[in-house]
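J.: These are the residues of each chain, in order.
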Amino acid sequence: MEHVLRQTWAFFFRDYQLTRRYFSWVVVFTFYAVVNSATVVLIGVAAGDRRLTLMLMVGVMLWGLLSVVFQEIANSITYERWEGTLEYTFMAPVSRVIHLAGVSLFATAYAVVRAIVIVAGMLLFVDLDLSRANWGGIVVVLGVSSAAFIGLGLTAAVLPVFSPERGAEATNIFQGVLLLVSGVYYPVEVLPRWLQPLSVVSPATYALSACRKLVGIGDGPEMVAGAPLSACAYELTVLTLMGLVSIPLGLYVFALVERWAKRTGKLKRTG
Amino acid sequence: MLSLGIEVRGLCKSFSKRKGFIRSRRTVAHALRDVSFEVGLGETYGLLGPNGSGKSTLIRVLSTLLVPDSGCVRLLGFRLPGEEAEVRRRVGRVSVDAAFYKKLSARENLLYSAFLYGMERAPAERRVMEILEALGLDGEKFTDPLEEMSRGMQQKVAITRALLVNPPLLLLDEPTTGLDPKSKRDVQTFLEALRSEHGTTILLTSHDMAETERLCSRIGFIAKGRLIAEGTADELKRVSGAETLDDAFIALAGEKLDGEEAGGKKKEEEAVAGA
Numbered sequence: 002m003e004h005v006l007r008q009t010w011a012f013f014f015r016d017y018q019l020t021r022r023y024f025s026w027v028v029v030f031t032f033y034a035v036v037n038s039a040t041v042v043l044i045g046v047a048a049g050d051r052r053l054t055l056m057l058m059v060g061v062m063l064w065g066l067l068s069v070v071f072q073e074i075a076n077s078i079t080y081e082r083w084e085g086t087l088e089y090t091f092m093a094p095v096s097r098v099i100h101l102a103g104v105s106l107f108a109t110a111y112a113v114v115r116a117i118v119i120v121a122g123m124l125l126f127v128d129l130d131l132s133r134a135n136w137g138g139i140v141v142v143l144g145v146s147s148a149a150f151i152g153l154g155l156t157a158a159v160l161p162v163f164s165p166e167r168g169a170e171a172t173n174i175f176q177g178v179l180l181l182v183s184g185v186y187y188p189v190e191v192l193p194r195w196l197q198p199l200s201v202v203s204p205a206t207y208a209l210s211a212c213r214k215l216v217g218i219g220d221g222p223e224m225v226a227g228a229p230l231s232a233c234a235y236e237l238t239v240l241t242l243m244g245l246v247s248i249p250l251g252l253y254v255f256a257l258v259e260r261w262a263k264r265t266g267k268l269k270r271t272g
Numbered sequence: 353m354l355s356l357g358i359e360v361r362g363l364c365k366s367f368s369k370r371k372g373f374i375r376s377r378r379t380v381a382h383a384l385r386d387v388s389f390e391v392g393l394g395e396t397y398g399l400l401g402p403n404g405s406g407k408s409t410l411i412r413v414l415s416t417l418l419v420p421d422s423g424c425v426r427l428l429g430f431r432l433p434g435e436e437a438e439v440r441r442r443v444g445r446v447s448v449d450a451a452f453y454k455k456l457s458a459r460e461n462l463l464y465s466a467f468l469y470g471m472e473r474a475p476a477e478r479r480v481m482e483i484l485e486a487l488g489l490d491g492e493k494f495t496d497p498l499e500e501m502s503r504g505m506q507q508k509v510a511i512t513r514a515l516l517v518n519p520p521l522l523l524l525d526e527p528t529t530g531l532d533p534k535s536k537r538d539v540q541t542f543l544e545a546l547r548s549e550h551g552t553t554i555l556l557t558s559h560d561m562a563e564t565e566r567l568c569s570r571i572g573f574i575a576k577g578r579l580i581a582e583g584t585a586d587e588l589k590r591v592s593g594a595e596t597l598d599d600a601f602i603a604l605a606g607e608k609l610d611g612e613e614a615g616g617k618k619k620e621e622e623a624v625a626g627a
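One line per chain: the protein sequences are A and B, in this order. Each residue of the first sequence is one higher than the one before, counting from 2 in this note's numbering. Each residue of the second sequence is one higher than the one before, counting from 353 in this note's numbering.
One or more of the hints may lead you astray.
[Unchecked claim] Short derived list, chain A residues pointing at chain B, Cβ under 7 Å:
id : residue
1  : 8
2  : 11
3  : 22
4  : 86
5  : 88
6  : 188
7  : 192
8  : 268
[Said to hold, decoys possible] In silico lysine to aspartate or glutamate, EDC-like type, Cα no more than 20 Å apart, as pairs:
id : chain 1 : residue 1 : chain 2 : residue 2
9  : A       : 263       : B       : 438
10 : A       : 267       : B       : 436
11 : B       : 493       : B       : 538
[Said to hold, decoys possible] Have a look at the derived ranges for each label pair, beta carbon to beta carbon:
id : chain 1 : residue 1 : chain 2 : residue 2 : range
12 : A       : 173       : B       : 422       : 53 to 61 Å
13 : A       : 117       : B       : 377       : 38 to 46 Å
14 : B       : 500       : A       : 20        : 16 to 24 Å
15 : A       : 166       : B       : 422       : 27 to 35 Å
16 : B       : 490       : A       : 117       : 24 to 32 Å
17 : A       : 117       : B       : 394       : 53 to 61 Å
18 : A       : 30        : B       : 503       : 31 to 39 Å
These are computed hints drawn from the structure, not numbers from a lab. Just so you know, even glycine gets a beta-carbon here, dropped at the ideal spot from N, CA and C.
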């Protein structure tokens, strides 16, 4: 067990050290994310609509978290191909589950810290009373929805094995589609009818719906108390199922692509 | 009792590539063609061949990074394909390009590798310092980012990474290419000590005749994916009637080690297999 924990720690350690070395970039990207989030939330302030402001704020916070979880996992193989270390990782005596668990752990921790910074930054721009939100429930929803996003990230992580550049491009397109269809900044009902079915398969749709109930967005303009977690039973069930399906599916797809890459010689350094 | 470190039988590996979009053609490069050889436990075996001859492909197959089309491999008694996990615990590899996270220091890169193999921090750091000292690398450089190190220093860190867990089998793919003469000697001396003190089995690919002759008890010549001759350096010279290993290679392979035919014309490796 200790051996396995140390191997999992290896990936956390590596990603932490890389983040530390690129810290100035982390600061720049986080600054941009805070400013970008603030400009979105200020639309609600300008409209004088507290409900809209809070809805946008939940969207910004949740997308800030889940998109980074997805992005960090999906790009983990891209980074290794650019550095040329992929072959060494793949010939180490580490199971792929441990490898990807280590990568996912760091991605989640990094995304949580970043989301906290973004929310704190936004509160400098917007005067909102969030004391009646069900924060415990929000943490549960974020945890469950992160699992579903980890599964999606694992599936997307194989794309750079086919082609480092094309893979990274495809990952960004996939992420963009998730942003479009999940109702991050607007209700999914405003999407064209032909696009709406996609929102049903996006875990972000359910995470946003649950968080908006828990933070206390009512039907009217007035703020209400955050709903109890039981009010999100449907969303939590769907998110749990998505996590239960997407993580094993992501690992399975990863294993398939790894075998294919070892037959075709695609692990070799490129880029 | 196990007497072979490496046993390769009838190994074949080819790569296909599609060219063109509308009238696409599939070209097939045969990287390894029916390669068979054995390396005894504790033996250092050299594989000499020009660029594109199949040396790196062979090392990748033995490192579990490539699945062969046919043939079988046994490393320390463990079968490939099949027992990859057992092989990975026992094999260290150094490739010609020192692949690292260049922004991280040698210490951080090596600790990452040590954790991957389940080692604890303190013993790993002790072992790293021992190896780096033996390789003649200044300990003060240990915390510098690798991008600030010379190619020779990076290669020494790569060798340290491969030796961290003291593997009984080492696969060295041109480990001294690009090193200055002193660094080259340091690495060669270290490899000799490794063999004599730990009985490590080593497969070494190289272009360097002198290095191969110094380190390897037996040498195989590989060209266009085929193992065309093997024996001791003296046997190869005798069989080919040549005075040097370089001349022996030219006589037996019909091409120079820099990849040119004895007549000077560049060799083509790809064969069109069909549309």
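J.: Check each numbered hint against the structure and report the violated ones by number, ascending.
T.: Per hint list: 6, 7, 12, 13 and 16 violated.
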